[in-house]
Amino acid sequence: MTMRRPEAPVWDASTESHSKWVSKFRSSTIATVQQLQPKENSDEPCATSRTRLQYNTSSSPTASSFQDSVWVSRFQEYQVIGRHLPSEANPTPKIYRMRIFAPNDVVAKSRFWYFLGKLRKIKKANGEIISLNQITEKRPQKVKNFGIWIRYDSRSGTHNMYKEYREMSRVAAVDALYQDMAARHRSRFRDVQILKVVEIEKSDDIRRPYIKQLLVKGLKFPLPHRINKKAGKKVFASKRPSTFF
Numbered sequence: 001m002t003m004r005r006p007e008a009p010v011w012d013a014s015t016e017s018h019s020k021w022v023s024k025f026r027s028s029t030i031a032t033v034q035q036l037q038p039k040e041n042s043d044e045p046c047a048t049s050r051t052r053l054q055y056n057t058s059s060s061p062t063a064s065s066f067q068d069s070v071w072v073s074r075f076q077e078y079q080v081i082g083r084h085l086p087s088e089a090n091p092t093p094k095i096y097r098m099r100i101f102a103p104n105d106v107v108a109k110s111r112f113w114y115f116l117g118k119l120r121k122i123k124k125a126n127g128e129i130i131s132l133n134q135i136t137e138k139r140p141q142k143v144k145n146f147g148i149w150i151r152y153d154s155r156s157g158t159h160n161m162y163k164e165y166r167e168m169s170r171v172a173a174v175d176a177l178y179q180d181m182a183a184r185h186r187s188r189f190r191d192v193q194i195l196k197v198v199e200i201e202k203s204d205d206i207r208r209p210y211i212k213q214l215l216v217k218g219l220k221f222p223l224p225h226r227i228n229k230k231a232g233k234k235v236f237a238s239k240r241p242s243t244f245f
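Just so we're aligned, residue 1 is where the sequence shown starts under my numbering, counting upward by one.
If you are wondering where the hints come from, they were derived from the structure by calculation, not from laboratory data.
Owing to the predicted nature of the structure, the values given are computational and were not obtained by experimental measurement.
Where hints are given, some of them may not hold.
As the list claims (entries may be wrong) - Listed below are the simulated DSS-like cross-link pairs for lysine-lysine, each with C-alpha atoms no more than 27 Å apart in a straight line:
#1 K94 with K142
#2 K220 with K142
#3 K239 with K229
#4 K196 with K138
#5 K212 with K202
#6 K138 with K124
#7 K220 with K144
#8 K94 with K118
#9 K196 with K220
#10 K196 with K229
#11 K144 with K196
#12 K163 with K196
#13 K144 with K212
#14 K217 with K163
#15 K202 with K142
#16 K229 with K124
#17 K229 with K138
#18 K138 with K163
#19 K144 with K202
#20 K123 with K109
#21 K217 with K138
#22 K118 with K196
#23 K196 with K94
Turn these sequences into a full structure, and let the hints steer you where they fit.
Have a look at this one:
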């Protein structure tokens, strides 16, 4: 049932004062709110009760759910295998394989057809995908050094570039690459083409100084701000503790 909101009283300066009109307007507003409230022992809820019910039943994240959650990279590594559709002229077409970093399998297949159309002039309408597999990291708990060769399009042209990153996995290194290219060169996801990602096993093969400085033996970092541990904490203190040493 639709309820019609009563009209607000109009102030007539010749008949009543402004303060009297304000009190009349407030009383009419309160009456309107009372009409919108659900009646007692009534099974028909109003709009406000429905909204309140939806709010109370909605699941809200707790502190434990945030603590139990694990950081996941925005990108995944996929292996996509495809080919041109067989025809009478070519019954056994050549098979092409690519390793693509994408947020999901839909974007991975789209990028596969994009690169295959650029390199071999094969369209999605004339081709087929044989298999699509997600590649996982073999040692995700080990810190590794990665070298990435890319080609990206800027406002002045196309450039080749080699970058190095120190991350836990290949997808984390690629995620850091896209963030770095966006910050330094304003490059979008569509403008960066990853040519090769290689794990650098030997320290002598590292070229970039910003990665070499992290491989020094006995590397230490300053601790200017020190926070007391729980064992040394007190409930009450006479003065504010100093955490700078």
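Quick rundown of the hints versus the structure:
A hinted pair counts as satisfied when its Cα atoms are at most 27 Å apart, and K94 with K142 does not qualify at roughly 38 Å. Between K220 and K142 the CA atoms are separated by roughly 19 Å; this keeps the pair inside 27 Å, and the hint holds. With a C-alpha separation of about 18 Å, the suggested pairing of K239 with K229 holds against the 27 Å cut-off. A C-alpha spacing of about 18 Å is found between K196 and K138, which places the hinted pair at or below 27 Å, so the restraint holds.
This hinted pair checks out: K212 and K202 have alpha carbons roughly 11 Å apart, not beyond 27 Å. Note on K138 and K124: the hinted pairing is violated, with a Cα-Cα distance of about 32 Å set against a maximum of 27 Å. For the suggested pair K220 and K144, the alpha carbons sit about 19 Å apart, so the restraint of at most 27 Å is met. Restraint check for K94 and K118: satisfied, since their Cα atoms lie roughly 16 Å apart, inside the 27 Å limit.
For the proposed pair K196 and K220, the alpha carbon gap of about 32 Å is over 27 Å, so the pair is violated. Restraint check: the Cα-Cα separation between K196 and K229 comes to about 45 Å, which exceeds 27 Å; the hinted pair is violated. Simply put, K144 and K196 have alpha-carbon atoms about 16 Å apart, close enough for the 27 Å limit, and the pair holds. About 11 Å separates the Cα atoms of K163 and K196, which keeps this hinted pair within 27 Å; it holds.
Only pairs whose Cα atoms come within 27 Å are accepted, and K144 paired with K212 is accepted, the gap being roughly 13 Å. For the suggested pair K217 and K163, the alpha carbons sit about 23 Å apart, so the restraint of at most 27 Å is met. Restraint check for K202 and K142: the C-alpha separation of about 15 Å stays at or below 27 Å, so the hint holds. Only pairs whose Cα atoms come within 27 Å are accepted, and K229 paired with K124 is rejected, the gap being roughly 60 Å.
At roughly 36 Å between alpha-carbon atoms, K229 and K138 are farther apart than 27 Å, so this suggested pair is violated. Proposed proximity of K138 and K163 is supported: the alpha carbons are some 22 Å apart, at most 27 Å. Of the supplied pair hints, the one linking K144 and K202 holds, its CA atoms being roughly 10 Å apart against a limit of 27 Å. The straight-line distance between the Cα atoms of K123 and K109 is roughly 12 Å, inside the 27 Å bound, and the hint therefore holds.
Of the pairs offered as hints, the one joining K217 and K138 holds, with about 26 Å between alpha carbons and a cut-off of 27 Å not exceeded. The straight-line distance between the Cα atoms of K118 and K196 is roughly 17 Å, inside the 27 Å bound, and the hint therefore holds. For the suggested pair K196 and K94, the alpha carbons sit about 22 Å apart, so the restraint of at most 27 Å is met.
Of the numbered hints given earlier, the model fails hints 1, 6, 9, 10, 16, 17; all others are met.
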